[in-house]
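Novice: Read off the chains here:
Protein chains: 2
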Amino acid sequence: MASWLQIPKNSPFSLANIPFGIISAASSRVPAIAIGEYALNLNAFASSGGFAQLPAVQSHLSPTLNAFAALGRPVHRQVREYLQNVFRADTQFPQILKDNAALQKSALVPLSEATNHVPMQIGDYTDFYAGLNHAYNIGVLFRGHDNALQPNYKHLPVAYHGRASSVVPSGTALHRPQGQILANPAADPKVPTFSPCKKLDIELELACFISTPNDLGKPVSIDEAEDHIFGLVLMNDWSARDIQAWEYVPLGPFNAKNFGTTITPWVVLIDALEPFRATGLEPGNQESLLPYLREKKSKNCYEIPLEVELTNKGGQPTIISNSNSRNLLYSFPQMVAHHTITGCNLNTGDLLGSGTISGAEPKTQGSLLEQTNGKTPLTLADGSERMFLEDGDTIVLRGKAGTEGNYVGFGDCVGTILPPFKL
Amino acid sequence: MASWLQIPKNSPFSLANIPFGIISAASSRVPAIAIGEYALNLNAFASSGGFAQLPAVQSHLSPTLNAFAALGRPVHRQVREYLQNVFRADTQFPQILKDNAALQKSALVPLSEATNHVPMQIGDYTDFYAGLNHAYNIGVLFRGHDNALQPNYKHLPVAYHGRASSVVPSGTALHRPQGQILANPAADPKVPTFSPCKKLDIELELACFISTPNDLGKPVSIDEAEDHIFGLVLMNDWSARDIQAWEYVPLGPFNAKNFGTTITPWVVLIDALEPFRATGLEPGNQESLLPYLREKKSKNCYEIPLEVELTNKGGQPTIISNSNSRNLLYSFPQMVAHHTITGCNLNTGDLLGSGTISGAEPKTQGSLLEQTNGKTPLTLADGSERMFLEDGDTIVLRGKAGTEGNYVGFGDCVGTILPPFKL
Chain W
50 MASWLQIPKN SPFSLANIPF GIISAASSRV PAIAIGEYAL NLNAFASSGG
100 FAQLPAVQSH LSPTLNAFAA LGRPVHRQVR EYLQNVFRAD TQFPQILKDN
150 AALQKSALVP LSEATNHVPM QIGDYTDFYA GLNHAYNIGV LFRGHDNALQ
200 PNYKHLPVAY HGRASSVVPS GTALHRPQGQ ILANPAADPK VPTFSPCKKL
250 DIELELACFI STPNDLGKPV SIDEAEDHIF GLVLMNDWSA RDIQAWEYVP
300 LGPFNAKNFG TTITPWVVLI DALEPFRATG LEPGNQESLL PYLREKKSKN
350 CYEIPLEVEL TNKGGQPTII SNSNSRNLLY SFPQMVAHHT ITGCNLNTGD
400 LLGSGTISGA EPKTQGSLLE QTNGKTPLTL ADGSERMFLE DGDTIVLRGK
450 AGTEGNYVGF GDCVGTILPP FKL
Chain A
50 MASWLQIPKN SPFSLANIPF GIISAASSRV PAIAIGEYAL NLNAFASSGG
100 FAQLPAVQSH LSPTLNAFAA LGRPVHRQVR EYLQNVFRAD TQFPQILKDN
150 AALQKSALVP LSEATNHVPM QIGDYTDFYA GLNHAYNIGV LFRGHDNALQ
200 PNYKHLPVAY HGRASSVVPS GTALHRPQGQ ILANPAADPK VPTFSPCKKL
250 DIELELACFI STPNDLGKPV SIDEAEDHIF GLVLMNDWSA RDIQAWEYVP
300 LGPFNAKNFG TTITPWVVLI DALEPFRATG LEPGNQESLL PYLREKKSKN
350 CYEIPLEVEL TNKGGQPTII SNSNSRNLLY SFPQMVAHHT ITGCNLNTGD
400 LLGSGTISGA EPKTQGSLLE QTNGKTPLTL ADGSERMFLE DGDTIVLRGK
450 AGTEGNYVGF GDCVGTILPP FKL
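Residue numbers (this note's numbering), protein chains in the order written: chain W, 50 to 472; chain A, 50 to 472.
There could be a bad hint or two in this list.
It does not matter which identical chain is meant; a pair holds if it fits inside one copy or across any two.
With a cut-off of at most 20 Å between alpha-carbon atoms, the simulated EDC-like pairs for lysine to aspartate or glutamate come out as follows [unchecked claim]:
no. : residue 1 : residue 2
1   : Lys346    : Glu323
2   : Lys471    : Asp264
3   : Lys346    : Glu273
4   : Lys346    : Glu130
5   : Lys471    : Asp272
6   : Lys203    : Glu331
7   : Lys239    : Glu336
8   : Lys346    : Asp148
Derived from the structure by calculation, the hints contain no laboratory data.
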């Protein structure tokens, strides 16, 4: 597909994508799509009759994407296809935008000038642990090769509830967290020290937003689960490993994760990812799952190359990891089915993280803990070394599926570490 | 304090209380207070000039208590004292309600006819584990007496993120959850079975709602923490023990808790509980805490007797436990300080559970797991036995501080177990 709009060949936001987000316009927040180097302000577009053919959409353009997401997948598909048509070189609707210079000027905002926001009002945020290699790598560090994966791991997508309030959009700087750590973990009796986190880490994840809700008490079946998914974003689940090590027994991570989680602001619709379906790591395992988790589709993951870049203050960017979403053992529909099997209700705007997406080889892991184990440092472009993050470090996660000119990507997921807040 | 309104001596909603909630009125939701056997519809009260003296309140009466809570503790205190005055026998404002039969008729709704709702829009729900005896009792079951408490337990209030979407008001019936359990936990290799939960349990807890928020990155100091608390409710954190046992390693409980959490609908303001401050279980431990958790007040818990009642279908109510909130090792202000020490932002309406409140003696535990360990059944009034809950069982939690005629209580926290949802 070619567009009348100039779209750089390496843009994650090709005509094949059409992701949705929320940007600032004047003093309010408005829905938008990203295309090439622009955001299209959908309120401005609608005001000029852009959605005259789709009146249901017009009344669901709000300062968050929740109302639009709640319209359901058939509507999202219809709107995406319509907007692709509007931007196509051979558009059936040239008068709407292609030949309307005034609307182009008022509604197309350069992405470099757009302020993005968390695109949805998030009710609950759940983080899964579906990255098989990550779970294995972490298991090896804690329990050795033979007992690396817990007995439940290949039977259900392990998950924990996360903190929704501190989910922030790409570009938000975060203070290094402070809390209780064991300065000398080998000591007995174990007495904690109050300290800034000394083992600040990242987690490379994908996450999905929920579109249509389910009622409390009524599970979502595996066959219907995908239709409850609005779309995907990239996510950095920042983790304070030393705080986590001390606090997490017996109820799981809490302060180690609650200080911030960064997501890309553009939601890539689930339909935009359909061409990139791929066979997962262990197709055989899928067949052994209990029926409520068993998918009819054999291709239950996506082929999306992912990368992690670290830039130290005053230094050069270094790509520290290359991974791929094929490393997830469970799909997002399986996560939805498992989450709701007890009757738990998912609401529009809920966020489900995949867990860290690591490969099996060196330089493909999605966390520093796996890459360095606090022992073998990474070497950055300027020769500096890293076990964990230092103040002033900037992390960028990137991911895009497809090929040049037709990429379906997420854009950059950026976060910089500030010094600890002065108490 | 005596009231011109007839208030039964055993009512949890004496003139000393004045808890806030949300009730249905016509087809909308309105804020209310509970007093004796009535709810006072605050919208109706305000429409007749009831808040003429407190205009700031009038514009913050919404279908949830969030806007009112965000006004902050000094305003809550002022409004409570004003409403106590309005209801006092020697009220300074007789014309407002005492001598206004028309407004009494329109604004005082019998509690037996009022429909209650979850009183706040809950952003995030966090559950702590601050019940010392509960943590010890569970620890004994899993690890024996010598290692019952984890090394971190007396240094920080252990917590995990909970599921906000399934917090329901007292009176909501819940389906027995279904999911993966180990039919034979001793077997190796461990292979799960799909089943309705066979070990459905309760957890007797208190919980607080957050009033004023803190910014991401800025911890709330222990000295300021209490002023971020709006008030308390009773909470039943229903728990599926067999689902929990299989899923919870390594990231904590998830499906075992996400199907429902029941709260009382009336928020007892933090100021109403001030007269019931008491010294906690281990005052010495408080002094050994890291400074960010150390409170100036030596009385860091409340004297609130609590009880658990179980009624089987067609049977009689049986009080199965008597406990007291003095069994909490950490206070709600300490939970707030710990929650935010990393920079985590709390929002108005966030809910913080205490953890299960168990005593040290038989018949004082806040969960069935502790009382029966699945081995020694409870005997109900009609002779039936219980290890865990059966379909049709109704649980009522109750708690009130103070003495006859001046009780400050929560009302009933009621939930009934329905059979599993038919898949």
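Novice: Which hint numbers does the structure go against, in order from smallest to largest?
Specialist: Hint check: 4 and 8 fail, others pass.
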